[in-house]
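Produce the entire structure from the sequences given, and follow the hints as far as they go.
Which chain is which? The protein sequence lines are A and B, in order.
Heads up, the first sequence is in my numbering, so the first residue is 1 and it goes up one at a time.
Heads up, the second sequence is in my numbering, so the first residue is 119 and it goes up one at a time.
Incorrect hints may appear among the rest.
[As the list claims (entries may be wrong)] Among chain A residues calculated to face chain B with C-beta under 8 Å, some are: (1) 42; (2) 43; (3) 44; (4) 46; (5) 60; (6) 61; (7) 107; (8) 108; (9) 111.
[As the list claims (entries may be wrong)] Pair ranges (Cβ atoms, derived): (10) B:212 with A:3: 21 to 31 Å; (11) B:130 with A:82: 41 to 51 Å; (12) B:173 with A:3: 24 to 34 Å; (13) A:73 with B:187: 39 to 49 Å; (14) B:212 with A:98: 15 to 25 Å; (15) B:226 with A:8: 44 to 54 Å; (16) A:83 with B:198: 38 to 48 Å; (17) A:10 with B:226: 40 to 50 Å; (18) A:51 with B:169: 21 to 31 Å.
Rather than coming from a laboratory, the hints here were simulated on the basis of the structure.
Glycine is no exception: its CB is placed at the ideal position from the N, C-alpha and C atoms.
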Amino acid sequence: GAVVSQHPSWVICKSGTSVKIECRSLDFQATTMFWYRQFPKQSLMLMATSNEGSKATYEQGVEKDKFLINHASLTLSTLTVTSAHPEDSSFYICSARRLRQGGNSPLHFGNGTRLTVT
Amino acid sequence: QKEVEQNSGPLSVPEGAIASLNCTYSDRGSQSFFWYRQYSGKSPELIMSIYSNGDKEDGRFTAQLNKASQYVSLLIRDSQPSDSATYLCAVKASGANNLFFGTGTRLTVIP
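In structure tokens:
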């Protein structure tokens, strides 16, 4: 089956620094990947849609200059949290879809990255 | 109005019983529906997908879809303590590329 790999699984950083999270589709190509954020006891909230070879599409309220997304290849998308602050501490999860006819196939998730900003 | 609504629970059932999880959605044109299981501190994993009205069974899991009522459910038969997790309902709305998630229902199976 489809496998999505996310790295790192957890990171602790100091306030003001930047953190890069990688998301790879291991056995399929993904022209589109999705980045979600999940705060404790809350559901997944879509942050942005990463499009291979073009700019990411950000959801309302998500700062594109703070959460930089790069989707340089068909198997890799990266999310960089710039100038991180404690309120950015969260569980970040990427996902991708193996394209099938109609594009209705499910999303497969990476293992998530728990970011703690001190 | 939320796109996808679930009862947050918690839902507690004894081991061996049937757990019933419910979900409603707002976009009548939605075509794809998914149930994910999420253990604490982990990312969601896909359990079931359903695209047409009726029941779809996979092992101990049965997904039910009623598009007229905009309702999708998940039944877990012979519940096991290892089924204790949060179950997320996800819907792909018409014209959307991403999924909309409910807030999840926390299930506890009591040994």
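- Task: Run the structure past the numbered hints and jot down the numbers of the failing ones, going up.
- Result: 5, 6, 15, 17
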